[in-house]
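With the hints as constraints, model all of the structure from the sequences given.
4 protein chains.
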Amino acid sequence: MTVKVGVIGTGWIGAEHIRRITTSIGGAEVVAATDIDADRAARAVEGTGARVLADGTEVIAADDVDAVVVTSWGPAHAESVLAAIAEGKPVFCEKPLATTAEDAQRILDAEQRHGSRLVQVGFMRRFDAGYVQMKEVVSSGGIGAPLMAHCVHRNPTVPETYHSEMAAQDTAVHEIDVMRWLLDDEISAVQVITPRPTGNRFEHLRDPQFMLFEMAGGARVDLEVFVNCRYGYEIGCEVVGEEGTVRLPEIPGVVVRNSGHRSTPVPQDWTTRFAAAFDAEFEAWVREVAAGTPTTGPNAWDGYAATVVTDAAVRSLHSGGVVETGIKDRPAFYA
Amino acid sequence: MTVKVGVIGTGWIGAEHIRRITTSIGGAEVVAATDIDADRAARAVEGTGARVLADGTEVIAADDVDAVVVTSWGPAHAESVLAAIAEGKPVFCEKPLATTAEDAQRILDAEQRHGSRLVQVGFMRRFDAGYVQMKEVVSSGGIGAPLMAHCVHRNPTVPETYHSEMAAQDTAVHEIDVMRWLLDDEISAVQVITPRPTGNRFEHLRDPQFMLFEMAGGARVDLEVFVNCRYGYEIGCEVVGEEGTVRLPEIPGVVVRNSGHRSTPVPQDWTTRFAAAFDAEFEAWVREVAAGTPTTGPNAWDGYAATVVTDAAVRSLHSGGVVETGIKDRPAFYA
Amino acid sequence: MTVKVGVIGTGWIGAEHIRRITTSIGGAEVVAATDIDADRAARAVEGTGARVLADGTEVIAADDVDAVVVTSWGPAHAESVLAAIAEGKPVFCEKPLATTAEDAQRILDAEQRHGSRLVQVGFMRRFDAGYVQMKEVVSSGGIGAPLMAHCVHRNPTVPETYHSEMAAQDTAVHEIDVMRWLLDDEISAVQVITPRPTGNRFEHLRDPQFMLFEMAGGARVDLEVFVNCRYGYEIGCEVVGEEGTVRLPEIPGVVVRNSGHRSTPVPQDWTTRFAAAFDAEFEAWVREVAAGTPTTGPNAWDGYAATVVTDAAVRSLHSGGVVETGIKDRPAFYA
Amino acid sequence: MTVKVGVIGTGWIGAEHIRRITTSIGGAEVVAATDIDADRAARAVEGTGARVLADGTEVIAADDVDAVVVTSWGPAHAESVLAAIAEGKPVFCEKPLATTAEDAQRILDAEQRHGSRLVQVGFMRRFDAGYVQMKEVVSSGGIGAPLMAHCVHRNPTVPETYHSEMAAQDTAVHEIDVMRWLLDDEISAVQVITPRPTGNRFEHLRDPQFMLFEMAGGARVDLEVFVNCRYGYEIGCEVVGEEGTVRLPEIPGVVVRNSGHRSTPVPQDWTTRFAAAFDAEFEAWVREVAAGTPTTGPNAWDGYAATVVTDAAVRSLHSGGVVETGIKDRPAFYA
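Those sequence lines, one after another, are chains A, B, C and D.
For the first sequence, the working numbering begins at 1 and goes up steadily by one.
For the second sequence, the working numbering begins at 1 and goes up steadily by one.
For the third sequence, the working numbering begins at 1 and goes up steadily by one.
For the fourth sequence, the working numbering begins at 1 and goes up steadily by one.
Just so you know, these hints were derived from the structure itself, not from any lab.
Be aware that one or more of the hints could be misleading.
Subject to a maximum C-alpha distance of 20 Å in a straight line, what follows is the list of computed DMTMM-like cross-link-like pairs (lysine to aspartate or glutamate) [claimed, not checked]:
| # | chain 1 | residue 1 | chain 2 | residue 2 |
| --- | --- | --- | --- | --- |
| 1 | B | K4 | A | D55 |
| 2 | B | K328 | B | D103 |
| 3 | A | K4 | B | E29 |
Some chain A residues well away from chain B (every beta-carbon gap over 12 Å; in silico) [stated by the list, open to error]:
| # | residue |
| --- | --- |
| 4 | G26 |
| 5 | L82 |
| 6 | I143 |
| 7 | D170 |
By construction, the Cβ of each residue, glycine as well, lies at the ideal position given by its N, Cα and C atoms.
This is the structure we're talking about:
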C-alpha cells in the first residue's frame with residue numbers, strides 16, 4: 001500500500017518534506033498540499049502529481065489523503081493537528097506541536113478522547129544513527145544509571161529574524177526532546193545563563209546561551225546553544241553514568257593531511273547533518289501508517305513536554321533564575 | 001515520471017535491491033522480476049505489486065519495463081546486459097559486468113554500436129560519502145599528484161564457498177574500481193603476495209592476501225584483503241600525493257568509556273557499512289534514467305577494466321609474480 | 001651549576017618529587033629533607049646522598065640549600081613559604097599555597113616586601129603539552145575572544161578520606177588555575193550544583209559535582225568533577241571563542257581492533273597522565289632558579305587566587321547559590 | 001651512583017645527547033667528549049664541566065669514564081664500539097652499529113669473547129610509549145598471531161645530501177628494528193618498489209620508496225618511506241593478527257575548530273615526535289649501567305640484523321627484485 005499524504009504548509013521545510021517523500025523514500029506519495037501562498041504550494045508540488053487545495057481543512061478532509069503532514073508556521077500547528085485528530089487521520093507535525101501549553105493540552109485531550117494515538121512530532125534526532133546507538137547503550141545499562149549529560153548545539157550563523165527566545169524554542173527544543181528520551185525522564189527545572197555575547201551577531205540577540213536542566217530523577221543536563229559559532233554546524237552530546245559515559249560520534253569526513261595539519265571538514269548546516277535521520281524518520285512513519293498501527297516516534301505527550309520546558313527556558317532567559325517546568329504527570333495513555 | 005524496473009535474479013542481492021527500490025528510494029517501482037527459482041522470485045516481490053516472469057528475455061522485452069536490473073549470478077550477467085542493449089533499455093548490472101574479458105568486450109562493442117551508453121555497473125563505493133569527499137580532494141589538487149595509495153578490505157568471516165580467487169573477483173574488485181576512479185588512471189600490472197595464512201579459515205582458502213597494483217602513470221596501490229579478520233567489516237583507504245594525503249573516514253559510532261577503555265563498535269557487514277551508498281547509487285540511477293540521459297555512474301568500460309584487472313590478479317595469485325593487465329586503450333566513446 | 005634542593009615533607013608527593021629531581025631531570029640534586037616522620041624522610045632520600053634534618057626551619061636555613069620544595073600537608077605550607085621568603089630563597093610549593101585567604105595574603109605581602117618573586121606554586125598543568133598548545137591557540141587569536149569553556153575532571157575512585165569539600169580544594173583547584181591562565185582573566189563568581197549522587201561512593205561524599213565559574217570579563221566556565229567515574233582518569237577541556245574552539249587532546253593510546261570494537265586504553269591515574277608535565281615543570285623551575293631569575297610558572301598571586309576561588313566554591317557547595325569570590329585587584333608586582 | 005659518560009662525536013646528535021644527559025635525565029653526567037672538530041666538541045660540552053679529549057681512544061680509556069656514547073659518523077662506529085668492548089665498558093652506539101655486515105660480525109664476536117653484553121644500539125622507538133603499548137598487546141596475544149603489518153615513515157623534507165640508499169640505511173632502519181622486535185622474528189627477504197617519484201625532491205633522489213619485508217615465520221610487512229611528504233613528520237604502524245589489529249596512536253595535538261574544519265597540528269620533526277622516547281631510552285640505559293647489569297635495550301645482535309637487512313634493501317633498490325637477507329641464526333648469547 002502506498003500512503004497518500006497531504007501537506008499543510010509548503011515553506012522551506014514543507015517543500016523539503018515533499019521532496020523527501022517523493023524522491024528519497026518509498027511507500028508514500030504526496031497527493032495534496034496547501035499554503036497561504038498558493039503559488040508557493042504549486043511550486044512545491046511541481047512534478048509530483050499532487051494538487052493544490054485551498055486550505056488545511058480541505059487537505060485533511062480529502063478522501064484520498066490517508067495521512068497529514070503539518071509544516072505550516074508554529075502558531076498554526078495546533079489547529080491542523082486537532083482537525084486531523086477529529087478526522088481520525090494520522091498526522092505528522094513538525095515541531096513545535098503547539099506554541100502554548102494550553103494548545104498542547106487540548107491536543108492531548110482530543111487524542112485521548114479519540115482513543116488511540118494519531119500524532120507524531122518531528123523530532124528527527126530520535127532517528128539519527130548516533131543517538132539511536134546512545135539510546136541502546138544507556139538502555140542496556142552499558143554506562144550505569146545516568147547522572148549528567150553535556151550537550152552542545154552550534155550553528156554557523158542565523159538570520160536577523162532569529163531572536164533570543166528562539167534559542168530555547170527553535171534550537172534547544174531538540175535537546176529537550178532527545179534528553180528526555182535518552183534519560184527516560186522528565187525535565188523538572190530549567191536555568192538559562194548568558195555568557196558574554198559574541199560580537200558576531202545581530203545586536204538584539206543574546207548568543208551564546210548556556211542552559212541547565214534538572215531531570216525529575218535528579219540527573220543534570222547542560223547545554224551550550226551557540227548559533228553564531230562561525231565554523232560549522234555541530235551537535236555534541238555525552239551522557240555520564242555511574243559506570244561510564246557514552247558520547248555521540250563526530251560526523252565523519254575525510255582526513256586531509258597537508259600544510260602541517262590533519263583536518264576534517266565540518267558540516268555547515270543541519271540538513272546535511274541530519275539528512276539520513278530525516279529519511280529514517282519518514283520511512284518509519286510511512287511504514288507504521290501503512291500498517292495501521294499507532295506510530296512509535298515522538299508523540300503528542302513529547303510535544304507537550306517540549307512546549308512546557310521551552311516556556312520555562314524562555315522565562316528563565318528573562319529572569320535569570322531557576323524556573324520550575326511544572327510538568328504534569330504523564331497519562332497512562334502515553335506510557 | 002516513475003521509472004518501472006524489471007529485475008533479473010532475485011537471490012540475496014536482487015531481493016535487497018527490490019526492497020530498496022520499493023521502500024528506501026522514491027521515483028521507481030519494480031514491475032517485473034524473474035529468477036531460475038520462480039518461488040524465490042515470488043517471495044522477493046511479495047507486496048510490491050510486481051509480477052513474476054519466466055526469464056530475463058521476457059523481463060527485458062516487457063513493454064512496461066523501462067529499465068533493467070541484473071542481479072543474477074555472475075556468469076549470466078553478460079547475456080542479460082547484451083539483451084538489454086539490444087532492446088535499447090538502460091541496464092544496471094551488479095558486478096561483475098562479465099566474468100571474462102571476451103564477454104566484457106562484446107558488451108563494449110554492442111553498446112558502441114547502439115550509439116549511446118546504457119550500462120551502469122554496481123560499484124556502489126563511488127556513491128559513498130567518504131569516497132566522494134576523497135575524490136573531491138584529489139580532483140581539486142588538495143594533495144597534489146597521487147603517488148601511492150594504501151587500502152584494506154576486511155570481512156569478519158566468509159562462508160566455505162568463498163575460494164581463494166574470490167579475493168580478487170569478489171572482494172578486491174571494489175578497490176580495483178574505486179582506485180581507477182580516484183586516481184583517474186588505469187591499472188597496468190598486479191602482484192598478489194600471500195602472507196602466512198590465518199588459522200581462522202577453511203583449509204582451502206588463502207587468506208589474507210596482499211595485492212600490489214601499478215597504475216599506468218606510475219603510482220602504486222597496495223591492498224590488504226583479509227576476509228577472516230574476525231573483528232568486523234572495515235574498509236580503509238589513504239591516497240598519498242605530492243603535497244599531502246587524504247584518508248577515508250572511519251565509520252562513526254558512539255564512543256563508550258567504561259572498564260578502563262574508550263571504545264566504538266565496528267560495523268559487522270557491508271550492507272550496514274554501505275547502506276547509504278547503495279541508496280545514493282539507486283537514487284542517482286533512477287533520476288538519470290527518468291531524465292533519459294546516459295547514467296554517469298561506473299559504465300561498461302569500468303566493468304571491462306575491472307574484469308581485466310581481476311583476471312590478472314587471479315593469474316598472479318597462482319604464479320606469485322607480477323602480471324601485466326594488458327588493458328587496451330579506452331575508446332573515446334567512454335571518455 | 002647544579003641547584004641544591006631542600007625538601008620539606010616527604011609523603012607521597014614529596015617522595016615523588018625527590019625521585020623526579022634525582023632521576024628524571026638534570027641540573028638539580030636533593031641535599032636535605034625533613035618530615036614529621038623522620039624515618040619516612042630517611043626512606044625518601046635513600047640512595048640520593050641527601051641528609052635528613054630536624055625540621056623545615058633547618059632545611060631552609062641550611063647553607064647548601066639553594067632552593068626549597070614544600071610538600072608537607074596543606075595547612076603547613078604557608079609557614080614554610082614565608083620562612084623561605086624571609087631567607088630570600090626560591091621556593092616551589094605544592095598546591096595549595098595556603099588554606100586560607102589570610103595566609104595567602106601574608107605571602108603576597110612578604111614577597112612584595114622582599115622585592116622580587118621567589119614563589120612558584122605546583123600547578124603542573126601549565127606545563128602539559130596539550131594545555132600549552134591550547135594557550136598558544138587562544139593567545140594567538142586562533143579562536144577569537146573566549147566566551148565559554150567546558151571542562152571535565154574525572155578520577156576512577158577516591159579513598160574514604162576524600163570529602164565533599166575536596167572536590168573544590170583538591171580537584172577543581174587545577175581547573176581554577178588553568179582556566180584563569182588560559183582565559184587570562186580572574187574568576188568573579190562560583191556556583192556548585194549537585195546532581196543525583198552516584199551509588200559508587202562512600203556515603204558521606206557528594207559526587208559528582210557540577211561547577212559554574214563566571215570570569216570577570218563575562219566568559220563562563222563549567223566543570224564536571226566526578227571522582228568515582230570508574231572507567232579511568234580523564235581531563236577534558238574545550239574553550240569556545242567568537243571564531244572557533246580549541247580542545248585538549250585525548251590521551252593517546254594504541255587502537256586495538258578486536259571483538260567487534262576498536263578501543264583504546266584510558267590512563268588510570270594522574271601521575272601517568274601528567275608525568276611529562278611534572279618533568280617539564282621541574283626542568284623549567286630548576287633552569288630558572290639556576291639562572292637566578294624569578295621563575296615564570298604560577299606564582300604567589302595565582303596561589304592566592306586559587307585559594308579565594310576554592311573558598312567560594314566550598315561556600316557554594318553548602319549554600320547551593322552563586323557566591324562572589326571577592327578577589328582583589330592584582331598588584332602590579334604580579335603583572 | 002652517578003654514571004660518568006664519555007661521548008665520541010659531537011655533531012648534531014652527539015650534542016643533543018650531551019644536552020639530554022645533562023638536563024633532561026638524572027643519574028648521569030658527561031665528563032669527557034671528543035670530536036674530529038675539537039672546537040665543536042668544546043662548544044658541545046660548554047657549561048657541563050666535561051673536558052675535551054684528543055680522540056675516542058682517550059675517551060674510552062679515561063679512568064673516570066664509566067660508559068661510552070658513540071655518536072660519530074656511521075663508518076667510525078664499529079671501531080669505537082670494539083675499543084669499548086676491549087676496555088670492558090658499556091657502550092651506547094647510535095645506529096648504525098656498523099655499516100657492513102663484516103664489522104657488525106666482528107662486534108658480535110668480540111662481545112661474546114668478552115662474555116657479557118656491553119653494547120646497546122640507539123633504536124629509541126622501543127622506548128616510545130605507543131610502541132611499548134603495541135608490544136604489550138602483541139605479546140599478550142590480544143590480536144592473535146601476527147600476519148601482516150603496515151607502516152609509514154614520512155619526513156617533511158630532507159637535505160640534498162640525503163641519497164636514495166639512505167631511505168633504507170637511515171630511515172627504514174627504524175622500522176626494520178622495531179618490526180623485528182614487535183613481531184619477535186627475523187626478516188628473511190626484502191623488496192623495494194619505486195613508485196613514480198614526487199617532484200618535490202632533489203633530482204638524484206628516488207622518493208617515495210615502498211618496501212616489502214618477509215619475516216622468517218611468513219608474516220609480511222610493508223613500509224612506505226616518503227621523505228619529502230611536505231606536511232609533517234609522521235610514523236604509522238598497524239600490526240594485523242589472526243584475532244584483531246593494533247595500531248600506533250596518532251600524535252596528540254589540540255583540536256581546533258574554525259573556518260569550516262576541525263584540525264590538529266602534526267609534528268614537524270622526529271626530535272619532537274620522539275623526545276620522550278629518547279629520554280626514556282637514556283634513563284633506562286643509565287639506570288642499568290649504574291646497576292652493573294647488561295642493558296636490556298636493543299643489543300649488538302639487533303644492530304647486526306639491522307645492518308644485514310638494510311644491505312639487502314639497498315641491493316633490492318638497485319635490482320628491483322626480491323633479495324634474501326641471508327641472516328644467520330641468532331647465537332644463544334643473544335637469546
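Verification of the supplied hints:
1. B/K4 with A/D55: violated, 34 Å
2. B/K328 with B/D103: holds, 15 Å
3. A/K4 with B/E29: holds, 16 Å
4. G26: Violated: least Cβ distance 4 Å, not greater than 12 Å.
5. L82: holds, 30 Å
6. I143: violated, 6 Å
7. D170: Holds, because the least Cβ-Cβ distance between A/D170 and chain B comes to about 26 Å, which exceeds 12 Å.
Hints 1, 4 and 6 from the earlier list are contradicted by this structure; the remaining hints agree with it.
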